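Visitor: The residues making up each chain are set out below.
2 protein chains.
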Amino acid sequence: MNVDVQAVSLLTPAQLLAHWQGHRRLTRKIIEAFPDDQLFSFSAAGMRTFGNIGWEIQGVSSYILSGLMTDQWPKPEWGKPVQQKSVLLAAWDELSAQMDRELPTVPPARYSEEKALMWGKQTALSAALYALDNEIHHRGQGYVYLRLLGLEPPPFWER
Amino acid sequence: MNVDVQAVSLLTPAQLLAHWQGHRRLTRKIIEAFPDDQLFSFSAAGMRTFGNIGWEIQGVSSYILSGLMTDQWPKPEWGKPVQQKSVLLAAWDELSAQMDRELPTVPPARYSEEKALMWGKQTALSAALYALDNEIHHRGQGYVYLRLLGLEPPPFWER
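These protein sequence lines map, in sequence, to chains E and H.
For the first sequence, the residue numbers in our numbering are 9 to 167.
For the second sequence, the residue numbers in our numbering are 9 to 167.
It should be emphasised that the hints constitute simulated quantities derived from the structure, not laboratory data.
Quantities reported herein were computed from a predicted structural model and do not represent experimental measurements.
One thing to keep in mind: the hints can contain errors.
One copy or any two copies: either way a pair holds, since identical chains are not told apart in the list.
To be verified - Distance condition first, Cα-Cα at most 20 Å in a straight line; then the derived DMTMM-like pairs of lysine to aspartate or glutamate:
1. 88 <-> 44
2. 129 <-> 79
3. 123 <-> 166
4. 93 <-> 40
5. 129 <-> 166
6. 93 <-> 122
7. 93 <-> 64
8. 37 <-> 160
9. 88 <-> 121
Build the full structure now, drawing on both the sequences and the hints.
Guide: The structure is reproduced here in structure tokens:
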């Protein structure tokens, strides 16, 4: 493996995994914080429910992990999201475990290569950062939904 | 400078700067998207106005940039946030220009060192990622506010 000394390391694969899993743990808490009967019914200003947002985060994260692992980036077939908290949480936990196993095995050089993603070309690193951005962004919406429901969300800084 | 070959580079200083500035450009657009008379008055569910959230993002980003540059991490003195969009945007642009000048000069080794931040100990890298997390998270709230105001927010993926 070539190490580009110009490309000073700020973030290692282990740090990326830890960072991502910290966000997944927090998003899981937000999903759990919704009452069962509100997760797939409540929304504000015509936006999606947090349950469906959760499935989107799950789908994007799974797509990026799969692309990093296989180096294939076709548009996945996404089924209709099951409108049930327990099913979402089970899929969530399965993907988190898969990420623990698989992300450390991704060849590091792959991250700097440009890939043809379903939404356009970007480097695999940008794709991974985008998956994180997307998760944090939409989870922020979930915090507002919980407040609008009169519920205190879990602290943002506890992962 | 030592390059730790175990610490494979996924993110270079230049990429961190580009990523951060992309987020700053997007947050700036969200601040701008608020009508002048709503930025410091509208909020939902007892949460802060997006103007005050913008000042917080600005304060945290400035604190982290300053810490990275000087390696001093004391709690800054934060004045009362000026309730005026033009003042916030001027401060925003000033910090963005400062970040362009200063972030590339931070010694890369500093990122992996643990620092005593105002909210506890973490590595400087974690602190930088936390500043980004915080910005994306709170900006997600701003998207909901805009929707609640009946406004279409700028696209998340355009930076």
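Visitor: Hints first: check each against the structure and report whether it holds.
Guide: Status of the hints after comparison with the structure:
no. : hint        : result
1   : 88 <-> 44   : within (19 Å within a copy, 41 Å between copies)
2   : 129 <-> 79  : within (13 Å within a copy, 37 Å between copies)
3   : 123 <-> 166 : between (33 Å within a copy, 18 Å between copies)
4   : 93 <-> 40   : within (8 Å within a copy, 37 Å between copies)
5   : 129 <-> 166 : between (34 Å within a copy, 14 Å between copies)
6   : 93 <-> 122  : neither (36 Å within a copy, 38 Å between copies)
7   : 93 <-> 64   : within (14 Å within a copy, 34 Å between copies)
8   : 37 <-> 160  : within (12 Å within a copy, 29 Å between copies)
9   : 88 <-> 121  : neither (32 Å within a copy, 45 Å between copies)
The structure shown violates the earlier hints numbered 6 and 9.
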